[in-house]
Structure formats: C-alpha cells, structure tokens
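With the sequences and hints as input, model every part of the structure.
Sequence lines, in order, name chains A and B.
Residues in the first sequence are numbered from 1 upward in steps of one, following this note's numbering.
Residues in the second sequence are numbered from 1 upward in steps of one, following this note's numbering.
Hint data in this document are derived by calculation from the structure and do not stem from the laboratory.
Please note that a few of the clues may not be correct.
Dumping the calculated DSS-like pairs for lysine-lysine here, alpha-carbon to alpha-carbon at most 25 Å [unchecked claim]: (1) A:Lys28 / A:Lys80; (2) A:Lys4 / A:Lys80; (3) A:Lys80 / A:Lys63; (4) B:Lys16 / A:Lys80; (5) B:Lys16 / A:Lys33; (6) A:Lys63 / A:Lys33.
Because the structure is a prediction, the values reported are computed rather than measured.
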Amino acid sequence: MTPKQIEIAIVVNGQPTVVHANPNSPLKTVIPKALEATGNTGQPPENWELRDDNGTLLDTSKKIASFNFPAGVRLLLNLKAGVGGA
Amino acid sequence: MSTAPQLADPQVSRTKFNREVEEFRQLAGDYARRGWLLVEAEFPRVFVVMAAPQLKPPPIVTGVLLDYTDYDLRPPSVQLADPFSREPYKAGELPTSLLRQVETDAMPIGLALPPGVVAPRMIQQQPLMQSYGPEELPFLCIAGVREYHEHPAHSGDRWELHRRDGAGRLVRILEVIDTYGIRPVNGYGVNLVPQVSGLTQGEVPA
Numbered sequence: 001m002t003p004k005q006i007e008i009a010i011v012v013n014g015q016p017t018v019v020h021a022n023p024n025s026p027l028k029t030v031i032p033k034a035l036e037a038t039g040n041t042g043q044p045p046e047n048w049e050l051r052d053d054n055g056t057l058l059d060t061s062k063k064i065a066s067f068n069f070p071a072g073v074r075l076l077l078n079l080k081a082g083v084g085g086a
Numbered sequence: 001m002s003t004a005p006q007l008a009d010p011q012v013s014r015t016k017f018n019r020e021v022e023e024f025r026q027l028a029g030d031y032a033r034r035g036w037l038l039v040e041a042e043f044p045r046v047f048v049v050m051a052a053p054q055l056k057p058p059p060i061v062t063g064v065l066l067d068y069t070d071y072d073l074r075p076p077s078v079q080l081a082d083p084f085s086r087e088p089y090k091a092g093e094l095p096t097s098l099l100r101q102v103e104t105d106a107m108p109i110g111l112a113l114p115p116g117v118v119a120p121r122m123i124q125q126q127p128l129m130q131s132y133g134p135e136e137l138p139f140l141c142i143a144g145v146r147e148y149h150e151h152p153a154h155s156g157d158r159w160e161l162h163r164r165d166g167a168g169r170l171v172r173i174l175e176v177i178d179t180y181g182i183r184p185v186n187g188y189g190v191n192l193v194p195q196v197s198g199l200t201q202g203e204v205p206a
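Listed below in structure tokens is the structure:
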C-alpha cells in the first residue's frame, strides 16, 4: 500500500511553495520538487541546503518521517554560499 | 556601495525589487524570530539589521545594506553596515568577518612535503568578508554579490552563470550572513583589566 503523502511548505530563497512527499523517503527528495516548482533549475540539488524555520541545518539523508514534522511545517531551502575568497 | 547608473529598464528592476521585499514581508514574523529585522525598503535599497536572539540580552550584530540598482541585469551590492548610522563598515570595524571552514590540500606557507607524499586534507578558516586592509571597504565574497562579480579575480565567474539560481535574492544573502556571522555567535567577549588597589587583610588580630 502506498503510504499517505504529506505536504511540506518550502521557502526557496524566500519564495514559498508546497510539495508532496512520501514520509518514508529521504528528506532530500523534496529538494528537486521545490526547485522545479519555483523555477530554480540552474544549480543541482546538492548545491542547496535545507533548514527548519529556526535556521537549523537538516540532515537530508534521513527519512522525512524521522523528523516528526508538525502539520503546516515550513522549511527553508537556500543556495549554499559556494566557494568564497578573493 | 557601488554607484553605477541604472542600465536595465527601471520598471523591471523595481518590480523584481518589490518581489524581494514582498516575499520577505510575507514571512517577516519568522525572520524576526531569527533576528532579521527589515528596517527600510525603498527602491533600490533595503536595510536589514541582524540580531543574535540566542544570547540574553540579544545583541544587534550588524546591519546589512543591499542596493538593487540594475537588478537583475547586475547582482545586488551588499555591505555590512553600522545598524544605527548605516555607514558601511571598514574592514577593521567589522563585527564579524563571516568565517567559514573549508577543506584544502594546500600546505601552509613555509611547509613542504617530501616528493611522493600525498598532502593531507586540512581545514582552514576563511573569511567571506574580503578586503585589502583595515581601512578598506570589505566585500562579501560569494557569487550573487555585485562586488564579487566586479572583482578582477572573479572575471571567470560571471553573474550570468548565477542569475537564474536566485544567488542575488534578498533572503539567500541574509541566510549566508546568518549562517556564518550570526548563528555562530555564542557569547560576549569581555576584556578584564585588573588593577591593584591596595592590600587586603584577613582576620584582624587582637
């Protein structure tokens, strides 16, 4: 039986969107969906980082269910800083 | 802060600027809990102050002045600035240099390995705020920032390569500053200067 999909609100560089996800999948599976929904397709998913609304970096290799996200959860997806240094 | 003239259609830049500000305001309560306070937004400039709510009492760490002139033909200009006067900090005045850890196999200057020995991976601390001296205006050295792309050392990493990734978007830039300059703050630095004011005495004899 297919597990029930859950809704996760994701703010991509400040732009909100909602994606549907299988709770038994790794959290990283929501990243390409959120990028596609917001038209951010120029950088691969690994160049983005996902945080909770307190700004805490999330381990996206873990299953979504393991985070016990409450209903209405909102996550923040932002482009990593990249390589700096002049 | 760069003062180059507006070349893109001003209405385009203004519309994109308004989108940045509007999206920020939609989640302003969430950002405020993280210490991000949008103080003023009038095209083409945005001024945000960033506090460290994890400390009690919470300090305002820095102001951030962004200039979206010519956006997004060109990326925004970004300066860390005094939160009260809004004057951009010189390098020697910066409250944070946005240190990050990077892995490298480059050996420290003066050290060399024998031929054939594989260099170990080393962790270095690298400031994202770069400058040539304490009296210079530093710049945020990441793609998506005007000063980065206008620096001759980055002529191979053009803005056009990052423009569609949201690299210059307001929340993304604030997130970088928060990650390296605000969230790592875990206490107040205090200098104590003890002075000898005389001798103390224990029990007074009869």
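(message) When the structure is checked against the list of hints, which entries are broken? Sort them ascending.
(response) When the structure is compared with the hints, only number 2 turns out to be violated.
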